[in-house]
Amino acid sequence: MLPMARTLLGVALALAVLAALTSCSLDASGDDESGGGESAGGEAKEFKAEMDSLARELLPDLVEAIGSRPEELEARFIERGGFGVWDYQAGSTWEVKGEPRLDKVEQVLTDHGMPVERPGTTSDITATQGNVRVSVSWDEGAAISTATLEFNTLDAAGGDDEYAEQAPPTDYLGFLR
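Residue numbering for the sequence shown is -28 to -1, 1 to 149, as defined by mature numbering (1 follows the signal peptide of the UniProt record, and there is no 0).
Since the hints were made in silico from the structure, they are not lab data. Please note that a few of the clues may not be correct.
Ranges of calculated distance between the beta carbons of each label pair, as one might list FRET restraints [to be verified]:
1. G53 with P141: 19 to 27 Å
2. G102 with D143: 21 to 29 Å
3. E134 with T82: 35 to 43 Å
4. K76 with E18: 25 to 33 Å
5. P140 with R52: 33 to 41 Å
Below, computed lysine to aspartate or glutamate pairings styled on DMTMM-like, alpha-carbon distance capped at 20 Å [stated by the list, open to error]:
6. K76 with E89
7. K76 with D111
8. K76 with E134
Since the structure is predicted, the reported quantities are computational estimates derived from the model, not experimental observations. Idealized CB from N, CA, C, for every residue including glycine.
Between the sequences and the hints, there should be enough to build the whole structure, so can you do that?
In structure tokens, the structure reads:
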């Protein structure tokens, strides 16, 4: 019976050490009882703030250059395949009238200090600022033409599951005048 008692004592001691270590690591995480400490959100929160700020500044001029307003444009976190890697993005495609206005779009992006990529005479423009990419493309069809506007972060946020899952969508149409 003595070897069995030693085994049980060893298991109990191991469980006690494991419980103590788990308790210490939770306390060291910076989380308070409300579910989030000062660092709650981390990269995801920073990326969201950066993209929302740029959209607030850029969207009124950009939509005016396109010549019509999208019906909806919400920014939200999208998880890549369930791996805890989050992209923050917004996009909309809508019908537009008239000729493509990509020259005007390019001017707005340039005026806002964004380096523009426009390969040749293609129907799309991409510009970046910091960790944010803005893309505008124009598709001319026989019956209708459409414009597509997209904002997205270049880097993905990792390990910010709770913040990214709970952050409500941001209605970018609210940034328009």
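Status of the hints after comparison with the structure:
1. Separated by about 20 Å at the C-beta atoms, G53 and P141 satisfy the suggested range of 19 to 27 Å.
2. For G102 paired with D143, a C-beta distance near 22 Å keeps the hint of 21 to 29 Å intact.
3. Checking the proposed 35 to 43 Å range against E134 and T82 shows it holds: the Cβ atoms sit about 39 Å from each other.
4. Range check, K76 to E18: about 31 Å between beta-carbon atoms, so the 25 to 33 Å window is met.
5. Look at P140 against R52: about 20 Å separates their beta carbons, and that is not inside 33 to 41 Å.
6. The suggested pairing of K76 with E89 holds, with an alpha-carbon distance near 14 Å, which does not exceed 20 Å.
7. For the given pair, K76 sits about 16 Å from D111 by alpha-carbon distance, which is consistent with the 20 Å threshold.
8. Using a Cα cut-off of 20 Å, the hinted pair K76 and E134 is violated, with the two alpha carbons roughly 40 Å apart.
The structure fails hints 5 and 8 (numbered hints given earlier, in ascending order).
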